[in-house]
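The lines below spell out each chain.
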Amino acid sequence: MAAQKGFFTDTTLCIGCKACEVACKQWNQLPDDGFLFTGMSYDNTVHLGASTWRHVAFIERPVPLKPQDDGAFSWLFSSDVCKHCARAGCLESCPTGAIVRTEFGSVYVQPDVCNGCGYCIVNCPFGVIDRREEDGRAWKCTLCYDRLREDMTPACAKACPTESIQFGEISELQRKAEARVERLHETGLQDAYLYGADSAAQPGTEGLNAFFLLVDKPEVYNLPPDPVVPTKRVKDAWISMAAGALGMTLVALGAAIFGSHARDI
Amino acid sequence: MGTSFGRGGATDFPGDLANSDVIVIEGSNMAECHPVAFRWVMKAKERGATIIHVDPRFTRTSAVADIHVPIRAGSDIIFLGGIIRYILETRQYFKEYIVHYTNAPAIINKDFKDTEELDGLFSGWQEDKGAYQARTWMYEGVDPEPAGGARESEAGKKGEPIQRQPIQAERTDPTLEDPRCVFQILKKHYSRYTPEMVEEACGVPQHLFLKVAETLCRNSGRERTGAFVYAVGWTQHSVGVQYIRSAAIIQALLGNMGRPGGGIIALRGHASIQGSTDIPTLYNLLPGYLPMPKAKYDKDLETYLRLNESPSGWWGEYEKYFVSLMKAWFGEAATKENDWCYDYLPTLTGDHSHMNTVVDMVDGTVKGYFVMGENPSVGSMNGPLQRKGLRALDWLVVRDFQVTETADFWRNAPEIERGEVKPETIATEVFFFPAAAHTEKDGSFTNTQRLLQWHHKAIEPKGDTRSELDFIFKLGERLKRMYQDECDQPRNWPIRDLTWNYPVEGLLQEPSAEVVLCEINGYTIVDGKPVDGFTSLKSDGSTACGCWIYSGAYRDGKNQTARRKPHWEQNYVAPEWGWAWPHNRRTLYNRASADPEGRPWSERKRLVWWDEQKEEWTGYDDPDFIVQRPPSYRPSKDARGKETISGIDPFIMQADGKAWIFVPAGLEDGPLPTHYEPQESVIKNPLYGQQCNPERMEWMRKDNPYHQPFEDPRFPYLITTYRLTEHHTAGGMSRWLCWLSELQPEMFCEVSPELAAERKLKNGGWATIRTMRAEIDVRVLVTERMRPLRIKGRTIHQIGLPYHWSTKGLVRGDAANDLIGFVADPNVSIQESKAFTATIEPGRTSKHRRYVTSGRLVKKLPSREEERDLPIARYKPEAKHGFKAMESKEGNI
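These protein sequences, in sequence, are chains A and B. Converting from the first sequence to our numbering requires adding 635 to each position, the first position being numbered 1. Converting from the second sequence to our numbering requires adding 2 to each position, the first position being numbered 1.
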């Protein structure tokens with residue numbers, strides 16, 4: 636098995652140029668999302684979806700970004716992408732086996748197998764995967780599987796001019812990310828932290844193969860604060876269901892035994 | 003920059019910004035408009051540099067900068083002048099550097115009078131000519147030849163050349179105390195540019211201004227360096243050149259020129275804009291910044307050479323470059339006997355810059371127009387006037403990827419939609435040629451850092467699509483054929499004798515771009531071998547060279563511009579990636595990175611130094627100096643040309659080898675940057691009685707009306723225009739692409755919450771913006787990134803307008819440039835589009851009227867135009883357009 640690969644997106648290096656969005660669309664030949672002026676800062680593609688696999692969020696905050704010297708305002712950018720969760724809800728819920736984990740550790744939808752049932756959509760805690768209206772199938776970031784097979788960097792990371800999107804071996808990225816957070820803390824940006832860097836930090840997904848460095852609460856970036864893959868709860872559900880069933884059986888048995896006994900009295 | 007340092011190009015490469023300790027980005031939105039080069043700013047930030055962004059808007063650049071300074075558009079000279087004053091007052095200038103490497107110690111003519119004495123004018127204003135006569139700005143006793151800017155300007159204005167003398171820095175005061183030395187004049191000139199003035203006129207709080215000034219000074223000197231980065235946010239003003247001059251003065255005072263992490267980077271907006279001035283599409287230059295001959299006084303080669311050759315400094319080599327150019331163009335026909343075909347060159351009879359050409363179309367003088375890689379109906383000022391010009395043409399050729407608004411002006415424009423112009427009444431014959439993309443042709447780009455990079459054709463162009471090279475080559479061939487039978491007539495000899503023998507290649511039989519590059523590089527006539535560089539060029543006709551500054555790009559018969567050695571396999575200057583002019587130098591004036599004795603100012607900022615053992619200059623970069631000339635060399639009294647460059651003259655193109663803090667010759671509008679308000683401003687000039695640049699180019703004509711000079715009650719708001727990352731200028735390369743169009747799908751304005759409340763504008767809703775020229779509909783983006791400023795006790799609102807949209811493409815909208823009138827800087831004829839006034843109202847109330855075709859849009863008020871000038875400067879010679887262009891009728895410049 637090849638080394639586990641993923642993204643580390645350092646939002647403090649992002650300049651909001653959207654080169655990642657365009658490079659992704661060009662490489663993967665994705666259609667546009669329509670021409671809609673949203674009035675939401677410079678964000679006109681709004682969120683990830685079937686035809687937008689990288690999406691840059693623009694957050695205008697009425698609070699300063701330390702140690703920046705700008706009164707009471709800051710503008711944050713963050714390039715969002717499929718997280719390729721260590722425990723992937725989409726994959727686990729896919730009834731056809733269309734969604735697989737690749738040799739790179741990424742989560743990949745095989746378009747020729749997908750039947751468009753849509754179970755994966757409700758099972759993604761991030762709202763990443765979506766069905767395309769025109770063909771009914773589910774689509775999302777492939778981590779540029781075709782490029783990885785040729786030992787090439789994914790298109791978004793390749794196009795990023797400021798190394799905000801870093802691609803590489805996950806353990807290596809984790810090491811870099813921790814050092815980066817430490818460095819930012821030293822320079823006065825105490826708010827910097829990693830989102831989903833490993834299983835300990837995000838047990839609900841058991842860690843993200845595409846994790847982030849953020850400087851505000853996850854909700855600010857339209858990320859869930861404590862995502863849990865629904866299928867992770869299946870075991871608990873089975874246990875409680877089993878416990879319930881056992882309890883009911885015991886009650887029924889008890890009722891039968893003691894009930895009949897009572898009648899005897 | 004040409005007049006300050008000797009060459010007009012960026013003095014450094016963006017990669018070197020990583021070595022800066024402070025970076026001031028002003029007049030540029032670098033992260034948005036140059037995201038790839040911006041990676042080096044982010045690197046510098048990682049290394050601990052302070053990033054400062056001065057801009058009317060909080061942009062994507064401000065978002066990652068350490069300090070953002072909101073500023074009133076059009077007030078930068080006060081801000082920068084404030085920094086100059088701060089440096090002088092706190093004595094934080096790099097004294098050893100300025101005494102040896104700048105003209106700070108030079109003594110100026112005793113008749114010189116500053117703007118402080120004349121309420122905003124310098125001495126030498128000629129009331130009857132409406133222009134300056136610059137003689138009193140000169141060094142005492144000498145007439146230096148400027149390396150850039152208006153070379154010959156003095157001669158041109160008077161109609162005859164002045165006596166030229168070599169200048170060697172002798173009349174100087176190294177103590178900088180003489181009241182007539184540049185240093186003291188500078189002190190006086192900026193004495194009122196105080197932090198209080200900056201606060202009042204720019205809207206920048208004093209503490210913020212002082213923080214910028216302190217940070218900049220703290221990070222300059224022997225051990226540290228700072229860089230300035232600008233773009234068209236500085237150039238597109240009626241005082242644009244002087245904005246850049248202000249930065250030049252700061253960088254000279256702080257000793258930041260020619261050093262690692264220093265310099266001034268002029269960001270260019272397109273892939274080869276630098277290239278288009280090097281081998282120019284400009285009307286007044288020949289390749290390599292050789293001026294075009296002027297009809298009025300360049301009567302023969304001898305006069306032309308005498309007027310352009312400088313007795314001192316590098317321009318003493320002028321004849322070699324000129325003769326080699328003529329040999330490249332006319333080959334065997336160019337001989338010493340016929341003055342190398344000097345008579346074949348067209349001579350200029352006036353100002354034929356862009357806006358003058360457009361009004362000449364309107365007025366019927368210009369009959370045909372080639373438009374290549376440009377969309378002036380959208381991208382140029384006063385779009386309705388542009389289209390009026392196009393309607394008056396006999397023929398128009400447009401080469402582009404798409405049938406742009408310029409190509410379709412006759413059926414797709416606001417005035418056509420309104421029915422005011424009927425397509426059937428337009429007689430212009432339009433030819434549209436589909437253009438090949440860079441992936442479909444060989445060639446080179448010359449980018450911001452003067453770097454030539456070769457691109458190879460990846461695929462054949464489709465259908466009728468062809469490269470510009472192919473188009474021009476075949477056009478030339480056809481012209482030659484057409485004139486074949488009339489070649490006995492001398493007027494046709496230039497076409498007959500033009501060398502046009504380029505081999506064709508490939509499926510489409512296109513001319514070889516590499517052969518063209520070889521010609522540009524230059525070769526010895528006898529064997530056709532490429533020359534090593536411009537030092538090998540001769541004035542005896544034995545060499546040919548298409549552009550002397552590019553000489554060396556094909557050194558050793560190899561395409562140096564195609565080199566792609568990665569930076570990790572060489573030093574950080576990366577001299578083996580592509581090829582930079584001149585002579586593959588990456589940091590210009592790098593002799594200044596060493597002290598007068600030739601030792602690096604500090605270990606940390608080591609770049610080029612004098613090697614005692616080898617007795618030559620050496621370092622990480624190609625030395626921008628005469629390699630064997632020791633620091634101790636001093637020219638003799640009778641030295642000429644290159645011999646006058648002393649061992650401590652890092653600015654070799656300058657007549658005296660020094661950086662010009664004070665520009666004694668070469669600029670139209672003054673030797674020192676002085677604050678003038680834009681043509682249309684919200685306030686009265688807070689410093690001088692002279693409101694606007696007295697030498698500004700105006701077009702006083704009915705189809706180009708102006709607002710009142712300031713406080714026009716009809717137009718209370720200030721507008722600045724700009725680009726977004728997601729689109730490319732006038733949109734020809736982006737509005738037809740779905741992946742870019744979806745990212746910024748509609749024309750919009752950016753306003754502050756305060757202005758939104760004042761004018762009842764809703765985020766996501768519509769607004770109408772109106773000037774005297776036009777009215778446009780825009781969507782509204784209300785954002786705290788726009789901030790009202792306190793200026794002279796008043797609240798001033800600024801409105802931001804991107805200018806990418808128009809009537810065609812996947813995404814459409816009104817064109818911002820339709821709002822703007824023709825006004826320009828007198829030195830370079832560049833338009834003022836970064837600061838003008840307008841009004842805004844909620845809703846879609848525009849009827850898409852344009853003054854040119856619909857008549858008056860707002861109520862009539864007195865023009866108050868006399869308030870732009872002091873009484874002495876009010877007279878502008880009668881002209882059909884602009885006082886500068888007036889003289890063209892009489893064959894003057």
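It should be emphasised that the hints constitute simulated quantities derived from the structure, not laboratory data. All C-beta atoms, glycine included, are put in the ideal place defined by N, C-alpha and C. One or more hints might be untrue.
Said to hold, decoys possible - Label-pair ranges, simulated between beta-carbon atoms:
(1) A707/A to G143/B: 29 to 35 Å
(2) R846/B to G669/A: 20 to 26 Å
(3) R413/B to G669/A: 52 to 58 Å
Unchecked claim - The calculated DSSO-like cross-link candidates involving lysine-lysine, where the alpha carbons are at most 27 Å apart (straight line), are:
(4) K793/A to K639/B
(5) K861/B to K704/B
(6) K701/A to K861/B
(7) K793/A to K567/B
(8) K849/B to K424/B
(9) K811/A to K45/B
(10) K701/A to K45/B
K861/B and K704/B: Cα distance at most 27 Å? holds, 16 Å
Outcome for the supplied range 29 to 35 Å, where the beta carbon pair is A707/A and G143/B: About 58 Å separates the Cβ atoms of A707/A and G143/B, which means 29 to 35 Å is violated.
Please test the hint of 20 to 26 Å on the beta carbon pair from R846/B and G669/A. Cβ of R846/B to Cβ of G669/A: about 21 Å, so the range 20 to 26 Å holds.
Next pair to validate is K793/A with K567/B; report whether the Cα-Cα distance is within 27 Å. With Cα atoms ~19 Å apart, K793/A and K567/B stay inside 27 Å; holds.
Would the pair K849/B and K424/B pass a check requiring their Cα atoms to be no farther apart than 27 Å? The hint holds at about 18 Å.
Quickly compare the C-alpha distance for K793/A and K639/B to 27 Å and report which way the hint goes. Not satisfied, since the Cα-Cα distance of roughly 59 Å exceeds 27 Å.
Given the proposed pairing of K701/A with K45/B, does the C-alpha separation stay at or below 27 Å? Satisfied, since the Cα-Cα distance of roughly 19 Å is no more than 27 Å.
Is K811/A close enough to K45/B, meaning Cα to Cα at most 27 Å? Roughly 16 Å separates the two Cα atoms, so the pair holds.
Pairwise hint evaluation, K861/B against K701/A, where the allowed Cα distance is 27 Å at most: violated, 49 Å
Confirm or reject the claim that R413/B and G669/A have a C-beta distance inside 52 to 58 Å. violated, 28 Å
The structure shown violates the earlier hints numbered 1, 3, 4 and 6.
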